[in-house]
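Keeping their order, the protein sequence lines are chains Z and B.
Following the UniProt record's numbering, the numbering of the first sequence begins with 1 at its first residue and continues without gaps.
Following the UniProt record's numbering, the numbering of the second sequence begins with 1 at its first residue and continues without gaps.
Derived by calculation from the structure, the hints in this document are not laboratory data.
Where hints are given, some of them may not hold.
Claimed, not checked - Okay, the calculated beta carbon distance ranges per label pair: (1) D130(B) <-> K399(Z): 31 to 39 Å; (2) P366(Z) <-> G132(B): 33 to 41 Å; (3) D183(B) <-> R364(Z): 33 to 41 Å; (4) R60(B) <-> C84(Z): 26 to 34 Å.
Stated by the list, open to error - The calculated SDA-like cross-link candidates involving lysine to any residue, where the alpha carbons are at most 20 Å apart (straight line), are: (5) K27(B) <-> E367(Z); (6) K161(B) <-> L188(Z); (7) K161(B) <-> L9(B); (8) K142(B) <-> G132(B); (9) K187(Z) <-> H176(B); (10) K105(B) <-> F34(B); (11) K187(Z) <-> A96(B); (12) K27(B) <-> M260(Z); (13) K27(B) <-> C219(Z).
Claimed, not checked - Some chain Z residues judged to face chain B by a derived CB distance under 7 Å, without partners named: (14) L185; (15) L188; (16) R192; (17) G229; (18) P257; (19) T309; (20) I356.
Bear in mind that the values here come from a model prediction, so they are computed numbers and not experimental data.
Each residue gets a CB set at the ideal place from its N, CA and C atoms; glycine is no exception.
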Amino acid sequence: MEYEDKAGRPSRPPSPKQNVRKNLDFEPLSTTALILEDRPANLPAKPAEEAQKHRQQYEEMVVQAKKRELKEAQRRKKQLEERCKVEESIGNAVLTWNNEILPNWETMWCSKKVRDLWWQGIPPSVRGKVWSLAIGNELNITHELFDICLARAKERWRSLSTGGSEVENEDAGFSAADREASLELIKLDISRTFPNLCIFQQGGPYHDMLHSILGAYTCYRPDVGYVQGMSFIAAVLILNLDTADAFIAFSNLLNKPCQMAFFRVDHGLMLTYFAAFEVFFEENLPKLFAHFKKNNLTADIYLIDWIFTLYSKSLPLDLACRIWDVFCRDGEEFLFRTALGILKLFEDILTRMDFIHSAQFLTRLPEDLPADEVFAAISTVQMQSRNKKWAQVLSALQKDSREMEKGSPSLRH
Amino acid sequence: MQAPHKEHLYKLLVIGDLGVGKTSIIKRYVHQNFSSHYRATIGVDFALKVLHWDPETVVRLQLWDIAGQERFGNMTRVYYREAMGAFIVFDVTRPATFEAVAKWKNDLDSKLTLPNGKPVSVVLLANKCDQGKDVLVNNGLKMDQFCKEHGFVGWFETSAKENINIDEASRCLVKHILANECDLIETIEPDIVKPHLTSPKVVSCSGCAKS
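Chain Z extracted, bound-state conformation (with noise of 0.2 Å):
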């Protein structure tokens, strides 16, 4: 059998031996560019039956491309069906939020129509003003304040780098300098942050937005300051709203409970969240518990970076932004939930992997995680232990721990 890919190059120049190849009558495939070729010229020509029998191989080869050719074209027209579907039903999406619900936010948020919709996930164009409706603004910043402590951030940095030096030549630049280091720590983190998207490093188009919002929370929040993983919330919320509202929703959504242990590394209690994480993981998947158990994998390992960050670092970015659709909606609890839930679509692997594996593999999610996958296994994960809620196992572990004061809560499951 003799073919070849000619696909872009000259047809060869006719050989004498023409006869044998006389009744090809298929056209090449396009795509395919099968040709039956006979021998060159300097060899002895096939014999007649192994010349037909090759004929014969080549026109199967003809018809299986064919039937490729239509599958392929098929699938293409399947998926731009799906596809204007797709479009079609955020379209909807996008006037429902925008007709119906955004103007009677107070009234619908919670009916079941909306939690189903949002479920779905919240159209990109709408996002931000849902997250910032859902957020809420307890702390009642205003567009001015942010002004201010962005104009103190600014200030800061002007000292910073003109006599900066001295400062850094002090001895021991840590207790002291600690608020300063914090913004010297962010322009180190901003190009950290999704640095594939190119966006946000020196000379993005995001990358004063950045910086600028981190920077106006460490003066706005001098005791909490800034932390790792704060640069990829705020990269999120920028790229779902303007500047001072991203600075509104990023400072609500820090001043919630769960990110305010997390982000003031109050030990004691996030060992609590861990706690009551470890509950509903045991009641939900709890072969998989066991397994960890046995090798030592805690669940800070992987959830210290997955809450940290809301999942963004971790995660898919459209992926994620989903999963902060209904953080939004739920609250601290999805955080956890999700986590079981990715835990339970890898079970099967995760089960027969040994300790560094798992632990690679957690603090290094799969790139390509298909988002329906995600939300099928998320939506499998009950959030009740003994008919208890997340908040009320949650409350009942930290009063655990506020009686036991020094014990570690964890260990006692």
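Add chain B to chain Z, keeping to what the hints say.
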């Protein structure tokens, strides 16, 4: 016939200030590549490197890449547990990260010791030496002195970008860990037969034979 393999599994920590290149060093060491596009590490990341140390010895290194922000200290220091060695990394272009080295070392020594009470082996990495700004380490004698004072088993100028000295630094650390392990066996079982005799347990400590 192949000689029976002796396998060692060591947990190694990679610590140091934020942005000094811990993740890059690990990526270079384990995956043989470099990108200036690494994301900040939050919490801890992991990597596994398998070394064919000598014909009889395989060494598996479990690398724990620990987030550098000081604030995470409380949270990440539980990860020091059971480590057998560490790299402390600083960035030669940022003097403050060098000033932090002693703090990282003291912190490590105060929280982690070998079963015999000795500190674990730590190698100091002066990273980003490709950037030509290494005013800090151009005085090798001073660095040697610094390492001696602070109990580092060695120091290397490294570049994850240009792949300079990373394998060498790791070999140095592993060599010391293997040697330490021989000491451990001796301190725990003082009656052990000496290496030149034919105890299989001792023969397997190739680090001793080498150093």
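Hints that the structure is at odds with (numbers, increasing): 1, 4, 7, 9, 10, 12, 13, 18
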